[in-house]
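Protein sequences, first through last, are from chains A and B.
The first sequence begins at 7 in the numbering used here and counts up by one.
The second sequence begins at 162 in the numbering used here and counts up by one.
Everything labelled a hint here was simulated from the structure, so no lab data went into it.
Among the hints, a few may not be true.
Covered stretches of chain A (chain B as the covering partner; in silico rule of three or more C-beta atoms under 8 Å from a C-beta of chain B) [as the list claims (entries may be wrong)]:
#: 1; stretch: 11-17
#: 2; stretch: 26-36
#: 3; stretch: 116-127
#: 4; stretch: 168-175
#: 5; stretch: 188-200
#: 6; stretch: 215-224
A partial selection of chain B residues facing chain A, derived with a Cβ cut-off under 10 Å [claimed, not checked]:
#: 7; residue: 240
#: 8; residue: 302
#: 9; residue: 408
#: 10; residue: 410
#: 11; residue: 454
#: 12; residue: 460
#: 13; residue: 464
#: 14; residue: 502
#: 15; residue: 527
#: 16; residue: 528
#: 17; residue: 529
#: 18; residue: 532
#: 19; residue: 535
#: 20; residue: 563
DMTMM-like cross-link-like pairs, simulated, lysine to aspartate or glutamate; straight-line CA separation at most 25 Å [unchecked claim]:
#: 21; chain 1: B; residue 1: 539; chain 2: A; residue 2: 197
#: 22; chain 1: B; residue 1: 198; chain 2: A; residue 2: 197
#: 23; chain 1: B; residue 1: 503; chain 2: B; residue 2: 463
In this text the structure is predicted, and so the values were computed from the model without any measurement.
Just so you know, even glycine gets a beta-carbon here, dropped at the ideal spot from N, CA and C.
For reference, the chains in residue letters:
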Amino acid sequence: MRTYNITHLKQLESEAIFVMRETAAQFERPALLFSGGKDSIVMAHLAAKAFTPAKMPFPLVHVDTGHNFPETLEYRDRFVEKVGGRLLVGLVQDSIDRGTAQEESGVNPSRNALQSVTLLETIEEHQFDACLGGGRRDEEKARAKERFFSHRDAFGQWDPKNQRPELWNLFNGRMAPGENFRVFPLSNWTEMDVWQYALVEEIDLPSLYFAHERKVFERNGSLLAESEHVELAENETVSTETVRFRTIGDVTCTGAVRSEASTLEEVIREVAASRDTERGSRADDRRSEAAMEDRKKQGYF
Amino acid sequence: MSEEKSYLDMDLLRFSTAGSVDDGKSTLIGRLFYDTKAIFEDQLEAIEQSSRQRGDENVNLALLTDGLRAEREQGITIDVAYRYFATPRRKFIIADTPGHVQYTRNMVTGSSTANLALILVDARKGVIEQTCRHAFIADLLGIKHVALCVNKMDLVGYEQEAYEKVRRQFGDFASRLENVVDLTFFPISALQGDNVVEKSANMPWYDGPTLLYHMETVYVGSDANHVDARFPVQWVVRPHSDEHHDYRGYAGRVAGGVFKPGDEVVILPSGFRSRVKNIQVGDEELNEAYYPLSVSITLDDDVDVSRGDMLVKPNNQPRITQDLDAMICWFSDGKTLRQGGKYLFRHTTKEAQAIVTDVRYKVDVNTLHKIEDDSEFKMNDVGRIALRVSQPVFHDTYRRNRNTGSFILADPFTNETLAAGMLR
């Protein structure tokens, strides 16, 4: 008997492509949020695939905290040129200069939360009605209940108690003026799926994801990179280690892991054996048990 | 293929679970996660810490599945949560829904994409109303595989009779289900781990597979319709570039049947005929496409095709009518459905308006009795209605094809999703 098995990666790919095409069709001014992290890279790769041989019908939007790893920006510019995309950058520094956002003070200041302000301002400036994000439900428990099409009110807020039910492949993107949607095509992907897909599709990822030598120091159990954006406390000492990153966010809050994995195959083997989640190394999520839920309600990615 | 690259050959199973607080559902999910190494150390630490803070005596595995602070504070689960784990054979997506009577709509949502329903029965209590409700909803949503777990076998001394009793009770009920073709029973203890991932030494009288083995091997590839070719056009790819000057690709996800280059197709609603020139995903050309692949199709002829149209085969066309007969589940907690009500109607890639022309009956989801003297649908109500749509709908019965037999209704004023429907 003829069988119709397709691999889990092909199924996830088809689902993500369907969701992105649905976004292009249902909205007037969609955009793709591009951070330079592996999830948004895979999402942008899928977007390019979904509309081939045409260009993807939305710009790439980068909300730039100014606290980047230099590798991230290099990669971003190279990637955008390769896929022939249009890049728009929203600068957190601009929000701070305008007075709509205020730099954190204290021991471990971060611009992570300020991104929400700049993101909402960028959405408003360009009147985006749908923003594609690389969020995955396996990342964090507040994300486990997120929809593919996530409705946001005129303040950009997420209301977990009042989400639209989502059935089959039927996505309801209708909204009132001033409201908008976040769309998550990778909802059903896990960290492992992303790595495996990158391997199968031969997607070139930033060098930060692979083992390299770096000057690092320990803070609250995380291994942070030395950089001009981070001030060392008195008892903190810098040493050179062989590390890589499992996620890439701000240089101020993205923890590295000690690792020798220098190829995708090795990374996959390491992730399979790992007993910690990738966000375990993210200082932004460790602030409180409901840190992500609170940030999402305020309009975070 | 070497073992470490077996993931390049893995497939996917989506299953739904439903259960109330005390039937061991969270423990079972915790067990599956733990035994397949899907729980990470930092997650365990986090729930240990939360358990201590709440004053729970044991590590409360339910905290792993209760996501939001709003829920933890109230000790309830308010919505469908999606969870993931994988074995070397399969990736699993769990749609985890609360089981209380007022959450029928969440069960409907979670079941809509599932291949298999996991239903838990407490061995001490046997089949209860809730068991039947879960099974009815799974069946209504077209799930073909049901795994019925007789849980807490450790609390009945691992006695075979408790298990057999549930099989008899549920077997009687199952004869009334229309879509379920594969019903399998498992005597388990989620708490102790018997027959979940590892075979139990406590129940030598049971010679069947473990629950996980069943879920890893049950064949779901033929659950989708591979007979009636249906391709709802989602988006028209037009590059407007010199290199691809005349290119027109019809992008979409195959909803049924198989398409191959050279196949003759009819375009609905125009009725024009053409042939499939090529099928591609990105730059890769395919020699066939079937559900659930997302592809782009080009045709031999330059015909007018747009979103909402459907490509089908000349000798196998869907039903094309404006009048529809459907089972629905009503979701809204503020609005009610009545005869004469007007709604936004979304089906495949088409959006239209619909008016409710008749309310036939409602179903009591606990007894499966028809209710004919109450024609107002409130939240969680299930029943049968008739609709008239503002334009012809290219459809099949839900039973024949989930993709071309399902629709949703939305509110034309607030835009919220009000109901899910299955065509008959």
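| field | Coverage of the stretch 116-127 of chain A by chain B (three or more Cβ within 8 Å) | value | The restraint on the stretch 116-127 of chain A is violated, since only 0 of its residues have a Cβ under 8 Å from chain B and three are required.
| residue 198 of chain B paired with residue 197 of chain A [C-alpha distance capped at 25 Å] | holds, 14 Å
| query | How does the coverage statement for the stretch 188-200 of chain A fare against chain B, requiring three or more residues with Cβ below 8 Å from a Cβ of that chain? | reply | holds (count 5)
| Are residue 503 of chain B and residue 463 of chain B close enough, with their CA atoms no more than 25 Å apart? | violated, 37 Å
| Would the stated hint for residue 464 of chain B survive a check requiring a Cβ distance to chain A of less than 10 Å? | violated, 19 Å
| query | Is residue 539 of chain B within 25 Å of residue 197 of chain A, Cα to Cα? | reply | Violated: residue 539 of chain B and residue 197 of chain A sit about 40 Å apart, past 25 Å.
| Against chain A, is residue 240 of chain B within 10 Å by beta-carbon distance? | With a minimum Cβ separation of about 5 Å from chain A (threshold 10 Å), the hint on residue 240 of chain B holds.
| task | With a cut-off of 10 Å on the beta carbons, see whether residue 460 of chain B makes it to chain A. | result | This interface hint is violated because 16 Å lies over the 10 Å limit.
| said: Just to make sure I understand the rule, a stretch counts as covered if three or more of its residues have a C-beta closer than 8 Å to a C-beta of the chain. Does the stretch 11-17 of chain A meet that for chain B? | reply: holds (count 7)
| message | For the stretch 168-175 of chain A, count the residues whose Cβ lies under 8 Å from any Cβ of chain B; is that count three or more? | response | Answer holds; 7 residues pass the 8 Å Cβ test.
| With a cut-off of 8 Å between beta carbons, are at least three residues of the stretch 215-224 of chain A near chain B? | With 0 residues in contact (Cβ-Cβ under 8 Å with chain B), the coverage given for the stretch 215-224 of chain A is violated.
| request: So, residue 527 of chain B near chain A? Judge it on the closest CB pair being under 10 Å. | output: violated, 21 Å
The structure does not agree with the numbered hints 3, 6, 12, 13, 14, 15, 16, 17, 18, 19, 21 and 23 stated previously, though it agrees with the rest.
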